[in-house]
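Protein sequences appear in the order of chains A and B.
Heads up, the final residue of the first sequence is numbered 105 in the numbering used here, and it's a clean run with no missing numbers.
Heads up, the final residue of the second sequence is numbered 931 in the numbering used here, and it's a clean run with no missing numbers.
The hints are simulated quantities; they were obtained by calculation from the structure and are not laboratory data.
Virtual Cβ for every residue (Gly too), placed ideally from N, Cα, C.
This list has only true hints and no planted wrong ones.
Here are some, though not all, of the chain A residues that point toward chain B, as calculated from beta-carbon distances under 8 angstroms:
| # | residue |
| --- | --- |
| 1 | Ser28 |
| 2 | Ser29 |
| 3 | Gly49 |
| 4 | Gly54 |
| 5 | Glu56 |
| 6 | Ala74 |
Straight-line distance between alpha carbons at most 20 angstroms, and here's what the computed SDA-like set of lysine to any residue pairs gives:
| # | chain 1 | residue 1 | chain 2 | residue 2 |
| --- | --- | --- | --- | --- |
| 7 | B | Lys705 | B | Leu763 |
| 8 | B | Lys307 | A | Gly78 |
| 9 | B | Lys800 | B | Arg754 |
| 10 | B | Lys915 | B | Pro864 |
| 11 | B | Lys111 | A | Ala87 |
| 12 | B | Lys263 | A | Arg58 |
| 13 | B | Lys263 | A | Phe51 |
| 14 | B | Lys111 | A | Arg31 |
| 15 | B | Lys263 | A | Leu59 |
| 16 | B | Lys263 | A | Gly49 |
| 17 | B | Lys263 | A | Ile57 |
| 18 | B | Lys263 | A | Gly61 |
| 19 | B | Lys111 | A | Glu30 |
| 20 | B | Lys930 | B | Leu848 |
| 21 | B | Lys835 | B | Asn918 |
| 22 | B | Lys915 | B | Glu845 |
| 23 | B | Lys263 | A | Asp52 |
| 24 | B | Lys263 | A | Val64 |
| 25 | B | Lys263 | A | Leu46 |
| 26 | B | Lys307 | A | Leu79 |
| 27 | B | Lys800 | B | Gly840 |
| 28 | B | Lys111 | A | Asn26 |
| 29 | B | Lys464 | B | Phe565 |
| 30 | B | Lys307 | A | Ser86 |
| 31 | B | Lys307 | A | Val75 |
| 32 | B | Lys263 | A | Gly54 |
| 33 | B | Lys307 | A | Glu30 |
| 34 | B | Lys263 | A | Leu67 |
| 35 | B | Lys307 | A | Glu85 |
| 36 | B | Lys111 | A | Val33 |
| 37 | B | Lys307 | A | Asn26 |
| 38 | B | Lys263 | A | Phe70 |
| 39 | B | Lys307 | B | Val107 |
| 40 | B | Lys263 | A | Glu56 |
The lines below spell out each chain.
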Amino acid sequence: MKDDNRSSERLVALFLFGMVLFNPLVVGLFDVGAEIRLFGIPVLFLYLFIGWAVLIGLIAAVAESAPKDSKPTSPPTRQAGRNE
Amino acid sequence: MIPGWLIAVASLGYLTLLFAIAYYGDRRSDEGRSLILNPYIYAFSIAVYCTAWTFYGSVGLAARSGVGFLPIYLGPTLMFAFGWVVLRKIIRISKVHHITSIADFVSSRYGKSHVLGGLVSVIAVIGIMPYISLQLDAISASFNVLLNYPELSNSGSAIDLPLFGDTAFWVAVLLAVFSILFGTRHIDATEHHEGMVAAIAFESVVKLVAFISVGVFVTFGLFDGFGDLFARAAAEPTIAKLMTMEVVGAQWAPLTLLAMLAVFCLPRQFQVTVVENVDENHLNKAIWLFPLYLLLINIFVLPIAFGGLLRFPLGTVDADTYVLALPLAEGAPALALFAFIGGLSAATGMVIVATVALSTMICNDLIMPVLLRFAWLHLSEKKDLSGLLLAIRRGSIGFILLIGYLYFVLIGESYALVSIGLVSFAAAAQFAPAILAGMYWKGASHRGALLAISGGFLVWAYTLLLPSFALSGWLPAGFVERGAFGIELLKPYALFGLDGLGHISHALFWSLLVNVGTLVVVSLLDRQSMIERIQATLFVEVFRQGGTAGVGANIWQGSVSVSDLRSMAERFLGSERTHEIFAEYARNKQLDRPMAGNASGELVQFVERRLSGVIGAASARVMVASTLKGEGVGLEELMQILDETSQVLEYSRQLEQKSEQLEHASSELKAANERLTELDQMKDDFLSTVTHELRTPLTSIRSFSEILHDTPDLGLSERQHFLGIIIRESERLTRLINQVLDLTKIERGRMEWQMSDVDLAEVIDHAVSSMHHLFEEKNVTVDIRQPETIPPVRGDRDQLIQLAINLLSNAEKFCPGGNGRVEVALESGPKALTVSVADNGPGIPEHEQENIFEKFHQVRSDQTGNPMGSGLGLAICRGIVEHLGGRIWVRSKPGNGATFFFTVPFVKQ
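Put together the whole structure using the sequences plus the hints.
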């Protein structure tokens, strides 16, 4: 359960990081107009998409290292009463 | 231009394939080899979030406001980072309580309230309606573009033409049939629609591939990669403006928040994320796979938008249709058809899941409670209600699509795709405060939630829905421009003068303000009923209760018979399924006899939960309550049980802490006990040694006295000899007793110390001279080495003499006769005087050196094996030295004599 909490804390931290990453004020810093382009792509677009990708990568890293819940969840076997 | 029959065949072919997948998925699940039991399918099914609105509308929005479309996808990314905390709890709660929809969730949390469940259902239907009509619009509009390009491509929705009205109508009918086939094939207690989920996941793949194909075609086919495309776009001043935040405005943050809330509050998202979830662990992958999906599907939005703006003169083609128009204009009709199929995927996926979710709500939380409450007698005559349930759900699906179509015909035209989608988002967001507060705040009350959701909904309707009616001519246009009743402050797009935010942000601000404010204030002033408090505790503490929610089972104790319960369940589940449920219960409980008589509280609760999986928590409760004979255990009592349970949990946590402390204390006690045992052992040893030591001289005194007594004719010399022995033994006895007394006095602190400044050199001289004759007798030489001046030490002179004598006599005892040699040395240290007494006797073995100062520890002579002293002398020495604040120790090498050292601190200056 301790590791579980650990992952939760990390993900909450990532959530806050994302809030900063996509905060209008921070995004505004990269709002440098159409003329300045990096690898042919406007800096604003580059920042948003790369920032987004990095955030997803970090979430993945935390989520994949999280322990699996050992509690078995009910398999969706459906021996349904067919009432068609 | 693509012939109509080809489009129709492709569409129907695609839908048939979809149905085949769904059918296969259901088959597999019936066989117990589930198709959707993996996290990837789960993540793809959540991507039903991307509708036709994403597929067509994102490009349209990007063409107007650059990156302004992104918050809709960044919000879910952030929310899914939070997913571990929030979504996992929602999923756990829903599994434990067999939640079937978002309305069920809210109603269940707030005391299984019908009113609340009904309200949420109504709001969901009204709120999602525009969204569904948007999908119909998108399908018919894209069909139109494909069929008639380039003639009609400048108008996304052309309702003026009767043909298109018909197209949308037929689309609606087709989708209704589809949803019914997917979602309501049978009534099922687990409420999983595996086939539907499999089909939805497949659709997500199709729309992603289709959109990326168009994006690659535009970026690398029409242009020479991203660099070329952006360079040419930047050259156009109107497009260059889209590469800044200026066009986005103040919408950015509010839209992010809106999307965050919508991604779990939209009924269809709740359906796929929570209700259709088969394994909580799938969330681990989904929380990054789903955002990754969103990222991928959005990469080419800007390139397509800019490509369209560059390719088509301003205003000739609706930006919402660029995805289709660009391939068509550039002579790639096959790609356009594929893109159309992608859009169809996006739209049908949304409509199917949304209608299934909404129909479940309408059935479980709106119609059934009413039927059960007001027409119970009538319903009770029916043996099997599962048919009725299916009929209600199917009817609901038809109804939803019908009014979706009507909305499309009457209102939809006046809005761009994106605004309609956002209106629905804002409606769904009204559920968020009640859900989130419900999961983390036990105090959130039923009345609070009811008023909060109603209030938020009314504000939403006033600021978003009514204006859309006004813009469509249903209400006077002045309503928007001058406010209700002509009051400026009540202008729906600028309530109380709040202006310049954008309609959606404006509505979101006011509705959430009213919503959250009402929830908090009313809840704080409210008193919760018992059932509310029970449900609140069960929801908030779902992880603490081990996920079983076993408390509260006693409420139904002994109040309903098993056969009544069985027949009640049969009405909803059918006899086969009911039989299975009862068998499952018996299996879990390992009952070998068939159940009879009154049902146990647990069984009733088990059945209620299963039933709630079919008809919702509120209805299931009414059903079970109606079969009760008596009152059962009162809610008051139940509450008490619940409180007790929480207390027990609390106590057990405290106990755990206490037991840790106890463990610590007990290990200390154990050590102390060991020490005591040791001491006890020592005391026993002491006593036995003392008596032993006393007995030896006593025995010899007695035996010699007896000889003297029994033989009166003993010679004088012998008589003298025996008497001499008796005297010596008596002296030894006296000495021994004195030593024991001294030792005990020292040890118990009873010794009277005459402390004074003592010249230790004089003490040593005194001791040596008092033992002079002993040394001479044994021919032992004594050397004393001492510095010229010795500062005085603090001590008891008599005791110090005793100490010196003890050590000297010890040395004398071990010295070899004839050439014995004892050296006494005094040495000044910084703080204390060190005295050493060395002999040239046999020495002390290494292992004895430690113990030599213990009481009665006797070093046995090598020659005779007999002890050579009482074993108390050195113990007394140690007692004296330690009392004076010094130290005593020995150094010895066997064969080379032994040296005893002791220190006595100087008088403090």
